[in-house]
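Engineer: Now for the letters of each chain:
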Amino acid sequence: MSDQLRYRRQGVSDAVPEVPGLPYLYISPFFVLFGIFLLFPTAYTLYLSFFSYQGASNEALLTIPLLKVTIPQIAQLEFIGLDHYQRLLFEDSLFRQSLFNTSFIFLVQVPLMVILGLATALVLDAKFIRAKGLFRTLIALPVATGLVAYSTIFLLLFNDDIGMINYVLQSLGASAIPWLSDSWWARITLVIAVTWRWLGYNMIILLAGLQTIPEQLYEAAEIDGAKRWEKFRYVTLPQLRPVLLFVVVSSTIGTFQIFAEPFVITGGGPSNATITMVQYIYRQAFIQLNLGYASAVSVVLVALVSVMSIVQIKYGGTE
Amino acid sequence: MRQADKREALWKFGSYLFLLVITALVLIPIYWMVVAATIPQQEFFSWPPRLIPGTHYLENFQALQENVSFARSILNSLIVSVGYTALSLVLCSMAGFAFAKYEFRFKEPLFYFILATLVLPIQLLIIPLFLLMTQIGWTNSFIAVILPWAANPLGIFLMRQNMKAIPDALLESARMDGATEFQLYYKIALPTMLPSLAALAIILFINQWQAFLYPLVILQEEEMFTIPIALAQLVGQQRVYFDQVMVATSLSIIPLFLVFIFLQQYFIKGILSGSVKQ
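Chains A and B are the protein sequences, given in the same order. The end of the first sequence is residue 319 by the numbering used here, with every number in the run present. The end of the second sequence is residue 278 by the numbering used here, with every number in the run present.
Just chain A, with the same shape it has in the complex (with noise of 0.2 Å):
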């Protein structure tokens, strides 16, 4: 910018619109649809979710053809309170099992995504690396494979029988692994998918963290003898910490959407092992029909994903 610029400036109030309303111009088409299309339906889940859905006549509501699923017309609402809340907070016990299921994923997948994704970024950032663009790009590929492409790549590279993953490990004189007919095992194969899919997303979003921090904080360490170690320790942690926060929770509210991974690769199985909070959500109110109560599950879903936000920003947060 030109000094001519910048002397023109002073004493020029900041960025007062000289039109009154004009930036409520600029924000409504936003938030028109913001509100039609987002605040409505989540108001009307939080209504239906004190609601049982009652009867239904013959005409179809919600035909999804490829699911072979039809949804009647709601015939009568039946305001129930908070029965719906009660049930499923004291005798659903597939609804605990999804609990359990998407609290394991998100327990194990989100530190090994920030530990992996850092690690990752931190390496690329070294100056001694070459080719940094071309690994950038490769390890960044999967955030562009569709969610159920890499599920269909997923559910035959892990398939028990025929899958590449099992004949690799037995030539190498490992036994087979029951990768998707075994419960724990199913849970971890979601694991690494998921991984596999947002490793690179993660790594970028810290790799340009890692390139804001100022050269000199390092050489200011440097002169006072700081080793790797310490460097990463009081100089890189702590610049990052707004950046790794970032990738923490968007990666928690992340975790806790999981949908078409289940949906495609294990089905939500074996016995329910691996049925996330979403598919359960799904499954209530596609297949059970129970609109008002998958509804329930929905808020309680966002609740808990709010909280853990909330907590985390709160924690770990700078100011």
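Don't take every hint at face value.
[To be verified] Below, in silico cross-link-like pairs of lysine-lysine (DSSO-like), each with a Cα-Cα straight-line distance of 27 Å or less:
#, chain 1, residue 1, chain 2, residue 2
1, A, K314, A, K227
2, A, K227, B, K107
3, A, K314, B, K107
4, A, K231, A, K314
5, A, K314, B, K164
[Unchecked claim] Partial selection, computed: residues in chain B whose CB lies under 8 Å from chain A:
#, residue
6, A36
7, Q42
8, F45
9, V82
10, F97
11, Q123
12, L125
13, L129
In case anyone wonders, no lab produced these hints; they're calculated from the structure. The structure presented is a predicted model; accordingly, all values stated were derived computationally and were not measured. Note that beta-carbon positions come from the ideal geometry of N, C-alpha and C, so glycine has one too.
Mind docking chain B on chain A? Use the hints.
Structural biologist: Frame of chain A, contents of chain B only:
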């Protein structure tokens, strides 16, 4: 060799090894997709599995053509993804500009309110959105797929963060030169924000290209199916045509790979200013 040099060499070697292992692990499933797409269906369930690509790609592609109207679903995906990306870019950049560069009442609460909705799972909205679309008679239309997600909270977040970097002096001098307020937005903010717009465009395009559950519910006729639904159609059949699924998969991710490879510089820059400079 000095002890320190030795340690340094070991460190470099370890770093490269780590990078190569990660890259290999990432590439294995993609490589395997190529193998699977190029071998005949009957070899699919043979043991040992094929590890080297075959020559059957065109045959598999022809079989795919007979089963689903693949070209049509690519076209549908393009219409939906491009339309959605364009609309969302306009909405998010305008609102982001207002949030970044103007002072107005309720600015902060409105913005944090938008951010808070990031935690809402999309699946939560499917039922009420379907009811709404039925009421206005929009089911089985592209507009019903595009509109609901065009007001994208992540998009507005990135736009606001990035547009904060536009110098106020630039806007002031344009004002003095007689620019209208709206010209500040589309003649100054938009051109200077091209890299961030490109980054957001990639995110939006990829998201919409991959959207599954919601389009599955809204688009009900085969000629309207987008790529993921056409793919799921192949997996959902009695007999799963894995060879065709892999051909379709490999073709469906080509546009994304190209977009990603050519625009990733912007993608990284956009993410950079979006997430870091708070």
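Engineer: Next, verify each hint and record whether it holds.
Structural biologist: Each hint tested on the structure:
| no. | hint | in the structure |
| --- | --- | --- |
| 1 | K314(A) - K227(A) | violated, 31 Å |
| 2 | K227(A) - K107(B) | violated, 45 Å |
| 3 | K314(A) - K107(B) | holds, 22 Å |
| 4 | K231(A) - K314(A) | holds, 26 Å |
| 5 | K314(A) - K164(B) | holds, 24 Å |
| 6 | A36 | holds, 7 Å |
| 7 | Q42 | violated, 13 Å |
| 8 | F45 | holds, 5 Å |
| 9 | V82 | violated, 16 Å |
| 10 | F97 | holds, 6 Å |
| 11 | Q123 | holds, 5 Å |
| 12 | L125 | holds, 4 Å |
| 13 | L129 | holds, 5 Å |
Of the numbered hints stated above, those contradicted by the structure are hints 1, 2, 7, 9, listed in ascending order.
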